[in-house]
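*Asks:* Sequence lines, in order, name chains U and A.
Here the working numbering is used: the first sequence runs in plain steps of one and ends on residue 496.
Here the working numbering is used: the second sequence runs in plain steps of one and ends on residue 83.
Simulated from the structure, these hints should not be mistaken for laboratory data.
The reader is advised that the hints may include incorrect statements.
Derived CB-CB ranges, DEER-like [unchecked claim]:
1) U:Gly-425 - A:Arg-61: 17 to 25 Å
2) A:Tyr-63 - U:Val-457: 45 to 53 Å
3) A:Ala-78 - U:Arg-308: 31 to 39 Å
4) U:Thr-371 - A:Gly-71: 26 to 34 Å
5) A:Gly-15 - U:Arg-384: 31 to 39 Å
For clarity, every value in this text was computed on a predicted model and none was experimentally measured.
We put the CB at the ideal spot given by N, CA and C, even for glycine.
Read off the chains here:
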Amino acid sequence: MPSLGADMDAGTVTTWLVKPGDAVHRGDIVAIVETEKSTMEVEIFEAGVVEELVVPEGERVPVGAVLARIGAPGAAPAPAPAPAEAPAAAEAPAAAAPAPTPVPAAVPTQVPAAGKPARRPAARRDRVPAGTVVSPVVRHLAERLGVDVHRVAGTGAGGTVTRADVEQAAQGHRAAPAGVAPAPAQATARAARRPARVPATVGGAGPAARLSPSATGVRSSPLARRVAEETGLEIAAVAGSGPGGAVTARDVAAAPAEHAPAAAAAEPAPSDATARQMAMRRAIGALMARSKREIPHYYLSTTIDMGRASAWLEETNATRPPADRLVASVLQVKATALAVASVPEMNGFMVDDRFEPSADVHVGMAISLRTGGVIAPAIHHADRLSVDELMAALRDLVTRTRKGVVRTSEMSDPTITVTNLGDLGVDSVFGVIYPPQVALVGFGRVVERPVAVEGLVGVRPCVTATLSGDHRASDGHRGGRFLAAIDHLLQRPEEL
Amino acid sequence: MNDDDARALIRTVLGEVAPEADLDSVGADETIQEALDLDSIDFLNFVGGLHDRTGLEIPERDYPELATVDGCIRYLVAGVGAG
Numbered sequence: 001m002p003s004l005g006a007d008m009d010a011g012t013v014t015t016w017l018v019k020p021g022d023a024v025h026r027g028d029i030v031a032i033v034e035t036e037k038s039t040m041e042v043e044i045f046e047a048g049v050v051e052e053l054v055v056p057e058g059e060r061v062p063v064g065a066v067l068a069r070i071g072a073p074g075a076a077p078a079p080a081p082a083p084a085e086a087p088a089a090a091e092a093p094a095a096a097a098p099a100p101t102p103v104p105a106a107v108p109t110q111v112p113a114a115g116k117p118a119r120r121p122a123a124r125r126d127r128v129p130a131g132t133v134v135s136p137v138v139r140h141l142a143e144r145l146g147v148d149v150h151r152v153a154g155t156g157a158g159g160t161v162t163r164a165d166v167e168q169a170a171q172g173h174r175a176a177p178a179g180v181a182p183a184p185a186q187a188t189a190r191a192a193r194r195p196a197r198v199p200a201t202v203g204g205a206g207p208a209a210r211l212s213p214s215a216t217g218v219r220s221s222p223l224a225r226r227v228a229e230e231t232g233l234e235i236a237a238v239a240g241s242g243p244g245g246a247v248t249a250r251d252v253a254a255a256p257a258e259h260a261p262a263a264a265a266a267e268p269a270p271s272d273a274t275a276r277q278m279a280m281r282r283a284i285g286a287l288m289a290r291s292k293r294e295i296p297h298y299y300l301s302t303t304i305d306m307g308r309a310s311a312w313l314e315e316t317n318a319t320r321p322p323a324d325r326l327v328a329s330v331l332q333v334k335a336t337a338l339a340v341a342s343v344p345e346m347n348g349f350m351v352d353d354r355f356e357p358s359a360d361v362h363v364g365m366a367i368s369l370r371t372g373g374v375i376a377p378a379i380h381h382a383d384r385l386s387v388d389e390l391m392a393a394l395r396d397l398v399t400r401t402r403k404g405v406v407r408t409s410e411m412s413d414p415t416i417t418v419t420n421l422g423d424l425g426v427d428s429v430f431g432v433i434y435p436p437q438v439a440l441v442g443f444g445r446v447v448e449r450p451v452a453v454e455g456l457v458g459v460r461p462c463v464t465a466t467l468s469g470d471h472r473a474s475d476g477h478r479g480g481r482f483l484a485a486i487d488h489l490l491q492r493p494e495e496l
Numbered sequence: 001m002n003d004d005d006a007r008a009l010i011r012t013v014l015g016e017v018a019p020e021a022d023l024d025s026v027g028a029d030e031t032i033q034e035a036l037d038l039d040s041i042d043f044l045n046f047v048g049g050l051h052d053r054t055g056l057e058i059p060e061r062d063y064p065e066l067a068t069v070d071g072c073i074r075y076l077v078a079g080v081g082a083g
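Please take these sequences and the hints and turn them into a complete structure.
*Replies:* Below, the structure is given as structure tokens:
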């Protein structure tokens, strides 16, 4: 038992990540140890083969006790203590609870046999056998796509994982835009974890059986789970580099953005604030880079006369106490949600290079966090809410988002996103589309401008509305129609 | 309500609306909204908080008077009455 701090005199092995016979390498995380103050991953100093686990799980032993014996080639068994990684404050609650939220339309192939319980994280059975057959090229591809090859069932000769297998698995990743994937059935998870031989039809899930990025039964350390929780990552979507594909805290920190549902989904813990911000910056960077890499954006902008909308707001708010007042962005969001009906190619997802329109309109609201970063959770069915309901929903969402209590469903299924940077004083914003969505509408500041109205120049409050559209789903002509529809709707605020 | 009461009230309400915001960092010539990066919903919540504690209506047309800290203090003291 390594000493993980001057005040530590004993520790409890909560989880072994290796078993006798496993080959281990210097730096591998082999066990999870809990003390009164924290939970830590124990790394191993030297390479070798695990001969014996001396201390069973759940047993508390003093510092200095032998935990396990590692047989190095030709060497005597040695204890395997190791310094832990950064001390953790507390063990996270079980991470990655089964996410019941299927991404509508986005992952038809990934919907698992429903209703079966997902496996607990860090389950110790069904270990991934070491030595999955993977060529270096495929391994490289997998790394690039963020796929854990150990979790891909190979279809090549002798169970070899092929390029196609990895690509398919990667699509599974992508299909879950915000990392909230349906919890796979147990059989699916197990199938995915047994890389070489499992037919793709196990669990009746078809191709999905090959994917396990969404498996909640993923092996992970408590520290990794805690980091994942704090950074809002779905741990099941993170490719593990630990023994047997176990997800370590380092993997979580390095995980790409598409698995970050709510990058601030935890109560801020001051000591973790910097790490969290870094993780969020990385997550945003990765997601936006992917968007720019994959989505052929086109951009449009139009100036919308907000005279009527502003007057209507003023009149409406005049008789209301502050708690019931409306802001202009609510009208803009409602208009956007309604405009989708006339140009449905703006609302939905790209799935396998094909646009799938969504029948529902869930408007993602880009909300900036004061500690840095931005996330865009959804207001569900924004088109069906009254303006007052939408205002209440927006207030609630902004408040919760900034407190870090966004719901997974809100992160998983926005069908279109609205960003409003008007309060920051910018005139217009040309946003980056959130994959796999296909459109993002931006509103700038409402400013008074000279405008010609019926042959006379008048001063009117105006806003610049922009559209970032995905050329795979629509073109500029349709995008123009969409902005025109928004404009049209904002001219009749009382009907919104 | 005197100036100190008003400032304390502003601090309390801002603390609820934007816990990270530091009132002392707002310069005399700066607007609260810009200095503390408050969006329109934050500002509305701020106005709502002042309304709840003082009973003042604070109609939208008065918002400009609340732009700066000093303006807020003046508005609150005048509205509630110096007592």
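*Asks:* Give me the numbers of the hints this structure contradicts, sorted from smallest to largest.
*Replies:* Result: hint 2 breaks, nothing else.
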